[in-house]
Structure formats: C-alpha cells, structure tokens
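Peer 1: What follows is the residue order along each chain.
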Amino acid sequence: MSRSRQDLPVAPFDPAGDVTEDFRDPATGDFRQETMIINMGPQHPSTHGVLRLLLELDGETIIRCKPVIGYLHTGIEKNTEYRSWVQGVTFVTRADYVAPFFNELAYCMAVERLLGVEVPERARIIRVLVCELNRVTSHLVAIATGGLELGAVSMMLYGLREREIIMDLFESITGLRMNHAYIRPGGVVMDLPEEAPRKLRDLLDILPGRIDEYETLLNDNPIWRERNAGVAVLSAERCMELGVTGPPLRSAGVALDLRKDEPYCGYETYDFDVITRTEGDAYARYRVRIDEMRESLKIAEQAFARLADMPGPVMIEDPKVGWQSKLSVGPDGIGNDPAYLDHIMEESMEALIHHFKMVTQGVSVPNGEVYVPVEAPRGELGMYVVSDGRNRPYRVKIRDPSFVNLQAVPDLVEGGLIADIIPAISSIDPVMGGVDR
Amino acid sequence: MSLAELAAAVATRFPDVVVTREEATVVVDRAEVLDALAWLRDEPGVQLDALSSLTATHWPDRDPAFWVVYELRSTALTQRLRLKVGVPDADQHVPSVTPLFPTANWHERETFDLFGLVFDGHPDLTRIVLPADWPDHPLRKDAPLGGVPTWFHGAFMPPIDERGMA
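Residue numbers (this note's numbering), protein chains in the order written: chain R, 1 to 437; chain Y, 1 to 166.
In case anyone wonders, no lab produced these hints; they're calculated from the structure.
Note that the structure is a prediction, hence the values are computed from the model and not measured.
One should not assume that every hint holds.
List time: in silico EDC-like cross-link candidates among lysine to aspartate or glutamate, alpha-carbon distance up to 20 Å [as the list claims (entries may be wrong)]:
hint, chain 1, residue 1, chain 2, residue 2
1, R, Lys78, Y, Asp136
2, R, Lys260, Y, Asp49
3, R, Lys326, R, Glu194
4, Y, Lys141, R, Asp388
5, R, Lys78, Y, Asp61
6, Y, Lys84, Y, Asp61
7, Y, Lys84, Y, Asp29
8, Y, Lys141, Y, Asp63
9, R, Lys260, Y, Glu23
10, Y, Lys84, R, Asp388
11, R, Lys199, R, Glu171
12, R, Lys78, Y, Asp142
13, R, Lys260, Y, Glu22
14, R, Lys326, R, Glu347
15, R, Lys78, Y, Glu162
16, Y, Lys141, R, Glu81
17, R, Lys66, Y, Asp124
18, Y, Lys84, Y, Glu23
Quick list of the computed label-pair ranges, beta carbon to beta carbon [as the list claims (entries may be wrong)]:
hint, chain 1, residue 1, chain 2, residue 2, range
19, Y, Thr78, R, His343, 43 to 53 Å
20, R, Ser235, Y, Asp29, 32 to 42 Å
21, R, Asn336, Y, Glu162, 24 to 34 Å
22, Y, Asp91, R, Asn221, 54 to 64 Å
23, R, Gln33, Y, Val19, 53 to 63 Å
Beta carbons are placed, not taken as given, at the ideal position from N, Cα and C, and that holds for glycine.
Let's have the full structure, built from the sequences with the hints guiding it.
Peer 2: This is the structure in structure tokens:
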C-alpha cells in the first residue's frame, strides 16, 4: 500500500489503441480498402448505455463487430474489499442498477452461506416478492427501451408508466426507487410498511391487463415483426458455448432457470412455469420476456398470499449478525426506532457498546469461499465471495449475466444489416452498470 | 444427482475433491488445467458442461500468490463444482481455456486486466474494462488506491485504506 500512483510506469498514450488491429484482412495482413471501419457509441442513443461497437462495414452489411466495454467501470469489486460486509450491499446493488434486488440477494445469500445462518421465513418470502416485482420492472425497461429504439415510442411510454407503479411500491418499502440496499445479510432491513399490501393489491390487479395491452400493441404489429422476427438468431448450442443465460437462452428452446434447477429462497414451493420458445431470434426474446412478467406476477401473488399468515421477524435474531433495531422509513430516510435509541442511550451500557461495535466494526465472517448463483432477469447472476475471517470481504466477484451475454453480440450481428444491430442489442438487454461494474 | 454423488464421480480422477458448505472444490496443477476441464466437461456422470465464471484471488504473502477459480456448472445434473489453480508470483502464466469454453474469452481478459495474470493461448488478451494505457492491475492487493485525505465535518478523513479498520 506504500506505492503511489505517480511511481508507476505509464505507457505512452496511443490514441488509436490497438483495437483496430483485429480488423486487418487475414489474407493480406492489411486493411481492406473497400470496407469502412466505424465506431458506434459509446455515446449513441441506441446502444443501451455506454456500449461502443467497432464495426467493419461493406455497404450496409456488417463484416466484423467488436464490442468495446469499460466506459462505466466503477471498481465495485475493489470497493467492497475496503468496506464492511453490510456496506458491501450498497456497492453490489449498483452493479446491475435495473435489477438491484438480485445483486443484493446473491451477495447476501453468499455472506449467509459463509456465516452458516438461515434467514427467517418471512424475510425469504419478502425477498421473493421484491425480486419478482423487480424482474417485472427490469423486463419492462427492456421492452420499453427496445421499443423506443425501434420507433415504438408508445411502448416506451407505457412500459415506463407501469414500471413507475412498481417503483412507487419499492420506494414505500425500502425508501428508495433504485439501489435499495434493502436485502441485508440475515434478512431484510425492515418489514413491509402499512400501505404496502394495498399498493401491492392494486398493482397485482392492474399489471396483467397492461401486459395484455403490450401484446395487443406489438405481437402482430407488422413493423415490430419485420424488425425483430428472424433477426439476431442465436442457436441453443452457441448460447451454451458462449455462456449465454436468461431470456436469450430460453428463447432458443433451452429450459434452464436457476429458480427451477437449483432452487433458493423456497422457489421450489412456488407454482410457476419456465417460459421457452424455439426461434431464438429477437422476437422470441421479446415474447419470452412478456410471458416471464406474467409468471413473475403469479409468483408475487403467491408470495403476497403467504405473507398474510407468516408473521415473525424479517431479520435474523442473532445479535452478532443482525441489526437489533427495528428500522423504518421516515421523512429523512431510514431510521432506528425510538425505543431502541432509548434502550442504548438510557438503559443498557452493554447494548450501547454492542451497537458501537456493530457500527464501527460490523460482522466478522469465517474463512472460506462460496459461489452463489441466482436467476436474475438477464440470466445467471453469481457472486463469488471470499472471506479471510475479517470484518470485510477479501474478494467479491460479480458474475454478471449482461457481461457474459454481451459476448454474443458479434455472433448476432455479423453478416446482417447495420440496422439490425439495434434490435440485436436490445434483445440481449445489457445493462452497462452490470457489464463494467 | 446429489452433490455427494457428483463428488464421488469426480473423485475417481481427482481423489482430493473437497465438499464444504454444499460446494465441491477440486485443486489441480497449472499444467493439468486443460486436461482436467476437458475431462470434467466430457466424462459421463460428471458432465460439467458450462463454465459459469472465471476469476482470481491475490494473496501477496502466500505461495501460490494467485488462485485462478473456475466455476463449472452441469446443466444436465444441476450441480456445480469449483476448480482452482495456483499461480506462483514468479511466473504469472495460466493456459487459456477459451478453446474449451468460448465463454472464458472475456472472463480471462477481465482477469488479465484486473490481476495481470497472462492466459497463454488466448486469442485477444487485451484490457477489457480499463483503458489500454492503464498503468497497473487494480484488483491486486498491493495496487495503490490513490486516495487523498478528505475534508469532512470539520476534519480531514484519511483515505479508506489508511483508516485502520480492524
């Protein structure tokens, strides 16, 4: 830790870099004169964020495509190594920011496996509930922005409108619309607020009809079909080779879903179907997402019903792991409850010492390494977490599905037309926060 | 198939397979990694046909100083296994597994970028998340954080790596 940045050798800056070297013709070793190499992005309205594509074009046909990523690298994995285990949640939630609950869930399940603790049943149900609603918001963003990029602006407006209903519920549950840090090692931060059942009932009543409306709008829309059907086809074999998971894999006919294959959080007790289609094109991915939203709402409905007769704590009772105060959302954010503050400030010196240690040092986690995968909206989200026995992670690796799925982009677009890049990328639905981390 | 059954099948070739916290781990020699992964992928009854993740950890005070970690998944048997390869500080090279698992391409580029490990035989081993002219490999434990004291509520807070967390 003694070296400073100034002592390090710095390579001279080469503005061209060597990325274009790949575009030399293998036969002659020289650049082709009849083709054109252009940049698409990283600042391009249709690349789903700061994704840069280097394209070699022969007229309108793409000969080669090379994705260049890293424009949103924020060092989340390194940051977690210098914060406590609980603070780690607030970092990983910012990776795939469209599906923050899944990052929190995978990370917390990894920490819990290292600690060897079980979370209370009510917390597990709430986790399933918020994750499935989050899957709906994430698919809504995928379809809405995909629609916008192909000119279906109404789809964008409708999708974001419905997403806002769910975001409003998230805000009343967690205090925040995104980056909630709501799931914590040992359970969830706090129980559902008083108004949550009413809001949840409303949205579970509204959303199925709205999803029908999207299908009426797009399923047989000639332009939507023309732009998506038969475009960006990826076979099941190629998906498996490239490690592609989630809707792109299921749209090629492979029924892989970690909620069924390696159930966690009690998913084996919920009734839902794994949606597959056989075409493996952009249109099939859109249809898979639509149907998965329905399945997610079905799971959310079941979780909602179970919450009614499952009282109990939402945070583990072990005072060495769980936060002892009942938290709630107030006008200035999440706060401790007054009874707890009275207890530590007025009644018990030991409780104050314990509180102080939990704040300054946090939890110590036994030595070991675990890999915990969950089924995120974009595919397998895995957390490889290593502890060396101290109060902060030794290593956190986020296996983000967007990062892996994005490797398939050259396969999707090479040989096709430049206009087909847009539905190809939006059907993969990468979130650059997750890709670059 | 249960994890114990998978571990028993793997133990026919790798007797020192360890099962802990419901996860199986095999440690192999660096020279063996391609053979081992090919066997684990193709052996009937093991069928670890998908590479979920590939990364590394850095332990500057130990030997080996690096561990490369392969997370394998059997889609048919719905089981997982972790393969680990030690890499000494003196020779930071690992054979690339991209020919076996094309998905390893970006994972290996990322591990090279952030840890500086060289994957021999990789088709395009260049930096992936950091700029091409970045000077070091930041996920190494000895990489400087470059923090500066920050004025906060009337006092300078030291940078995060100098705050002396226990």
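Peer 1: What are the numbers of the hints the structure violates, in ascending order?
Peer 2: none
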